[in-house]
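**Q** Residues per chain are reported as follows:
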Amino acid sequence: MSDKTSKGNFFEDFRLGQKLVHSTPRTLTEGDVSLYTALYGSRFAFNSSDTFAMNLGFEGAPIDDFLVFHIIFGRSVSDVSLNAVANLGYASCRFSTPVYPGDTLKATSSVIGLKKNSNNKTGIVWVHTEGTNQNDEPVLDFVRWVMVPKRDIDAPAQGFLTPELDPMSATKELPIPSALDLSGYDTELSGSQHLWGDYETGERIDHIAGFTVEEAEHQMATRLYQNSARVHFDAQMTKDTRFGKRLVYGGHVISIARALSFNGLGNAFKVAAINGGTHAAPVFAGDTLYAWSEILGKDQIPGRSDLGALRLRTVVCKNHSAEGFPYRSGEDEYDHTVVLDLDYTVLMPT
Amino acid sequence: MSDKTSKGNFFEDFRLGQKLVHSTPRTLTEGDVSLYTALYGSRFAFNSSDTFAMNLGFEGAPIDDFLVFHIIFGRSVSDVSLNAVANLGYASCRFSTPVYPGDTLKATSSVIGLKKNSNNKTGIVWVHTEGTNQNDEPVLDFVRWVMVPKRDIDAPAQGFLTPELDPMSATKELPIPSALDLSGYDTELSGSQHLWGDYETGERIDHIAGFTVEEAEHQMATRLYQNSARVHFDAQMTKDTRFGKRLVYGGHVISIARALSFNGLGNAFKVAAINGGTHAAPVFAGDTLYAWSEILGKDQIPGRSDLGALRLRTVVCKNHSAEGFPYRSGEDEYDHTVVLDLDYTVLMPT
Amino acid sequence: MSDKTSKGNFFEDFRLGQKLVHSTPRTLTEGDVSLYTALYGSRFAFNSSDTFAMNLGFEGAPIDDFLVFHIIFGRSVSDVSLNAVANLGYASCRFSTPVYPGDTLKATSSVIGLKKNSNNKTGIVWVHTEGTNQNDEPVLDFVRWVMVPKRDIDAPAQGFLTPELDPMSATKELPIPSALDLSGYDTELSGSQHLWGDYETGERIDHIAGFTVEEAEHQMATRLYQNSARVHFDAQMTKDTRFGKRLVYGGHVISIARALSFNGLGNAFKVAAINGGTHAAPVFAGDTLYAWSEILGKDQIPGRSDLGALRLRTVVCKNHSAEGFPYRSGEDEYDHTVVLDLDYTVLMPT
Chain A
326 MSDKTSKGNF FEDFRLGQKL VHSTPRTLTE GDVSLYTALY GSRFAFNSSD TFAMNLGFEG
386 APIDDFLVFH IIFGRSVSDV SLNAVANLGY ASCRFSTPVY PGDTLKATSS VIGLKKNSNN
446 KTGIVWVHTE GTNQNDEPVL DFVRWVMVPK RDIDAPAQGF LTPELDPMSA TKELPIPSAL
506 DLSGYDTELS GSQHLWGDYE TGERIDHIAG FTVEEAEHQM ATRLYQNSAR VHFDAQMTKD
566 TRFGKRLVYG GHVISIARAL SFNGLGNAFK VAAINGGTHA APVFAGDTLY AWSEILGKDQ
626 IPGRSDLGAL RLRTVVCKNH SAEGFPYRSG EDEYDHTVVL DLDYTVLMPT
Chain B
326 MSDKTSKGNF FEDFRLGQKL VHSTPRTLTE GDVSLYTALY GSRFAFNSSD TFAMNLGFEG
386 APIDDFLVFH IIFGRSVSDV SLNAVANLGY ASCRFSTPVY PGDTLKATSS VIGLKKNSNN
446 KTGIVWVHTE GTNQNDEPVL DFVRWVMVPK RDIDAPAQGF LTPELDPMSA TKELPIPSAL
506 DLSGYDTELS GSQHLWGDYE TGERIDHIAG FTVEEAEHQM ATRLYQNSAR VHFDAQMTKD
566 TRFGKRLVYG GHVISIARAL SFNGLGNAFK VAAINGGTHA APVFAGDTLY AWSEILGKDQ
626 IPGRSDLGAL RLRTVVCKNH SAEGFPYRSG EDEYDHTVVL DLDYTVLMPT
Chain C
326 MSDKTSKGNF FEDFRLGQKL VHSTPRTLTE GDVSLYTALY GSRFAFNSSD TFAMNLGFEG
386 APIDDFLVFH IIFGRSVSDV SLNAVANLGY ASCRFSTPVY PGDTLKATSS VIGLKKNSNN
446 KTGIVWVHTE GTNQNDEPVL DFVRWVMVPK RDIDAPAQGF LTPELDPMSA TKELPIPSAL
506 DLSGYDTELS GSQHLWGDYE TGERIDHIAG FTVEEAEHQM ATRLYQNSAR VHFDAQMTKD
566 TRFGKRLVYG GHVISIARAL SFNGLGNAFK VAAINGGTHA APVFAGDTLY AWSEILGKDQ
626 IPGRSDLGAL RLRTVVCKNH SAEGFPYRSG EDEYDHTVVL DLDYTVLMPT
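Top to bottom, those sequences are chains A, B and C.
End of the first sequence = 675 in my numbering, gap-free, step of one.
End of the second sequence = 675 in my numbering, gap-free, step of one.
End of the third sequence = 675 in my numbering, gap-free, step of one.
Treat the hints loosely; a few may be bogus.
Same chains, same label: a pair holds when it works inside one copy or across any pair of copies.
Claimed, not checked - List of simulated lysine-lysine pairs, DSSO-like, C-alpha gap at most 30 Å:
| hint | residue 1 | residue 2 |
| --- | --- | --- |
| 1 | 332 | 623 |
| 2 | 329 | 497 |
| 3 | 440 | 332 |
| 4 | 329 | 623 |
| 5 | 497 | 570 |
| 6 | 564 | 329 |
| 7 | 329 | 344 |
| 8 | 570 | 332 |
Honestly, the hints are just simulated from the structure, not real lab data.
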C-alpha cells in the first residue's frame, strides 16, 4: 500500500521554531468576491463597490478582510490542524496590505509554542501564521493554537514553551492602509448615519436578522477556502463522532457574524485586527444564527482626525434571538445559546 | 440599548415626492455572471458568450437583464420593503443601457403614490426605482407597489395619491441598444431556428422542463442580490409566520421562468420591458416549478427590419406540469398551481 | 399548440456522418473557476495560482481540465443525450490547448457510429465531440456513446456502423502544452514530495477523505455547465423513474474523484487524456463518496526528461470507505459500492 497520502501532523511532528511552508498558493478573483457575497450577503459598500472604494483612495474594492483570513487559514489546515481535536483560540491578528482581485496569496506558519498535555495523549501547538501576496507584502498574520493528538503515546515532544502572547498587539499598532482618505466617505451610500463619535463604550447592539445555515452553503464556503478538514464534508465518517454529523467551519460563523453586524455597524467599513476569538459551541446545518455586539472600547488613530477605531465584541447565538444579549451563564461558562465570542477592532469614519 | 439598527420604513415614514438614495452601490463582475448561470442554468448565447454578443455589435456578453433587475431591486429593499406585508405588483420596467462586468450600479427610489388602507393598520406605497451605472447612465427603471404596515396606528399619512400608471409605457417606446446589429445572428449557436416571424399571437408554448428549488440555492441567489428581507433567510423566525418556513424571493422565480423559457423561445435574446408581474402564490424550497408562455402580441420596431418585439405572458406553476397551460380558475382567481404571472416584452430577430 | 420546444433527438434522428453544431458558445471566466473551487475544493496549485502556473511557462492558471470537459460535454447534451437511457462510455479524450479565463468555447459532434438494438426500441449512438476556443484551436475532443430510444418503433436507422475505437489514442500521442517548463516546479507549494519516479505500476492509493453530495451542489454544478438533462433537476418528474429521485450528473462524480485524488497524487498537475470511463452505479444527494487510485502504467514523454505520464485508474465508492480498494465482485461485475471507474492519464514532474 502507498505511503503517499498525507495524514497530517501529530503532536510529536511539530518542533519549536519549525517553519511550515503551506501548499497551494491562491489567486483571489472577482469570482471569489461574488461567491463570498452569495454565501454571506454582506452589504458593506467598501467591499461591494469599486467606485465607493476609489472615492476613499483605493484602486478598487478590496477583498473582504475575513475572506482573506479564511484563505490564509485554509492554507494552514493540512499542516497545522488536520488532526486537531480542538481549535482553542486566535489572537494578534493583523490585516495589513489590502488584497485585490488578481493577487496571489501564500502562507507560512512558525511553531512558537508546544505544550504536552498531562494525559500524554494530546498536546497544544501554537503557530504564528503569515500570509503574503505575490510581491511578498504581508496581508495578514495571526497566532492560533490547537489541541493535536499524538500518533505515538511514547514519542517525546520536540520542545516545550508556552508563548507569552499579547492578543492586543495588532490593535495597539493598527495597520492603517496608507491610501485611506475618508474625505469622500458617503453615508448615504454606506447605509448608516452613525459614525465613530456616535458610539459609546458599553453600548450594545442587537443586529436583529437571523441566518439559517445550510449544508451546501458551509461546504461550498469551506471548499472555496480549500480548507480540507474532513469533519466539514463527510457525513458518513462524522456519524461516528460525538456530534453525529458534519460540523460547520468556525470561520463560516465569523463571516456570518460580520455580515449580520452591518445592521448597526454599517460604517465599520474595515476590520483591522482580531484580538481573540472563541468558538463556544459547535454549529450545524439547520441552525439559525443571530448576533449582537458590544463596544468594548474606542481608540483614536494617531495623526488622523477622520478615522477612529472601535474595539468590538460580537457574540453569535444559535436558535435564539440576540435580544437580551445572551453571553455568560457563569464566570467561565457561556450561555448555552452562544456559539462565537469574537473580540476585534474595526475602523470607522469619525 | 442602541438605536443604531435599521428597522426599515413604516407607512407613515414615506412622504409623497420623497427621494430615497439606496445604499451599497454594487460592482457587477464575471463572478456574478457565473453564479447566475449556476443558479439558473440559462442558455441564451447572448449572455453566455462574448463572441456571440460581439457579433451583434456589443463589447462583450452583457449581464443578464434579470440579474440587473435583482441587483437594483435588492438595493431598494431595506428602504422600501423591509417591512412589506405584500409585494403587490410591478409595472413599466424598462431595461436601458446594457450592463457589463465591471460596471457599478446604484439605485434611488421616488415615492410616487401613497394610500392609507381603510383598516388604518397598513398602507400602499408606490415607488419609482431607477438604477444607474458609474457614468450615471440609466440601466433600469420600474414602478412597484407594496403594502407596508404602520408603526403607529395614529400617525398621519404624509400624502395621498394613487398614481396613474401606464404599465406598458416601457414597451411603447422600447429601449433598443444603439449598438445592436443582427446581421451576424447565428441560429445554430443560439439553439433555435424559430424567429419573430414564426410566432403567432395567441400561441402557447410548454417549456417542459422542471426546476426543483433548494434552500441553499434561493438563499445564495437572494444574498447575491444583497436583498436583506428576513423571510428568505431565517428558518426560526419564519416558523411563526403563516407559512411556517422560509419564503423564496419572488425574483428567484422570475429568473427560473426566464431560464426555462429558453426551450421554445431560444431567440428571445433580450428582455426589453416588464409590463406587469404578479406573484400569485408563495414558493418554498422543495417545490418543483414548470413554465409555459403565451404570445400576447407582436410589435414591429420603428426603423428596423431585422428585429421585432414579442409581448409574452410567462406563467409558472408549482408541483404540476405546465401541460394544459394552467392559468385561471375564475375571473379574478389563479389556478391553485400558479405562482407567477409575468407580462413582459422581449426582442427577437425577424 | 406550439412545436417550438426541442424534445431532443431520438435514435432515428441521427445519421452516420451527421455533424451537430451545438448551441450556446460559452465564455469561461474567473467566476467559473471560483465556483469550481467551491464545488469541489480541488487544491492543485497549477489551477489555483497564477504565479505557480507562470513559473511553469503558462500565462496564468489554466482552467481545470475537467471543468473544460464538463463545459464541452454540457454543450452536446441537448443534441446528443437529452433522451439518453444510458451514458454507456467515453474514450479517446484528449486535452489540447490550455483554456484560460476569457476564452470562449464551442462544440460540435459528428455521428461516427449507429447500432439499432435487437429490441427495436433503442439504439446506440457514437459521437466524436470536439471543443474549440475562439481562435478555433482544439481544446478537447472525445468519443462517447449513449443508448437512445426510438420515437417511432418503425422508423429505420440512418446508417449502421460500430466504430473501431482506440480508447488509448490520446494517451499514445500525449498533447503536451508547448509552453510547459518544469524547471521552476516547487514541491513545497504543490503540496507533495512524491514525483513520477516515486510511483510504481500496480501501486494503490487510498485518498482517504469523504465527500457528501448535496442537491444544491450538484444542481449548481450541472447548471454551471448548462447541461440541461432533466433527471438532474426535477424532483417531481423523477419520482416516477426507477430511482424515484434526482440523479447526480456523472461528471460531478469525476470532478469529486479528481479533487479527492490530490491527497496522494498532489503532483499530477494536469490531466492529459481520458482513456475510458464507466459510471457503474448512480449517485444521489446524500451519498458520501470516497476514492482510491491504482497506477496502471508509467510512460516517458519523448524528448522530455522533466516530465512523465502516469496512467491511472481512479475508483469512486459510495457510502463505503475506499480502504480495501473495493472494485470488482465478479469478472464483469463491479462491487456494489463502486460508482465510477475512470481510466485516465496525468502528467507529473519526474
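**Q** How would you classify residue 440 and residue 332 at a CA-CA limit of 30 Å: within, between, both, or neither?
**A** Cα proximity of residue 440 and residue 332: one copy only (21 Å, versus 49 Å across).
**Q** Is it within, between, both or neither when you check residue 564 against residue 329 at 30 Å Cα-Cα?
**A** within (27 Å within a copy, 43 Å between copies)
**Q** State whether the alpha carbon distance between residue 332 and residue 623 is at most 30 Å within one copy, between copies, both, or neither.
**A** between (45 Å within a copy, 26 Å between copies)
**Q** How do residue 329 and residue 497 come out at 30 Å by Cα distance, when the copy is not named: within, between, both, or neither?
**A** between (45 Å within a copy, 27 Å between copies)
**Q** With 30 Å as the alpha-carbon cut-off, assign the pair residue 570 and residue 332 to within, between, both or neither.
**A** within (21 Å within a copy, 36 Å between copies)
**Q** With 30 Å as the alpha-carbon cut-off, assign the pair residue 329 and residue 344 to within, between, both or neither.
**A** For residue 329 and residue 344, the Cα distance is within 30 Å only inside one copy (22 Å; across copies 45 Å).
**Q** How would you label the pair residue 497, residue 570 (within, between, both, or neither) given a Cα cut-off of 30 Å?
**A** neither (40 Å within a copy, 46 Å between copies)
**Q** Between residue 329 and residue 623, at a C-alpha cutoff of 30 Å, which is it: within one copy, between copies, both, or neither?
**A** Close across copies (17 Å), not inside one copy (52 Å); limit 30 Å.
Going down the numbered hints, you'll see the structure goes against just number 5.
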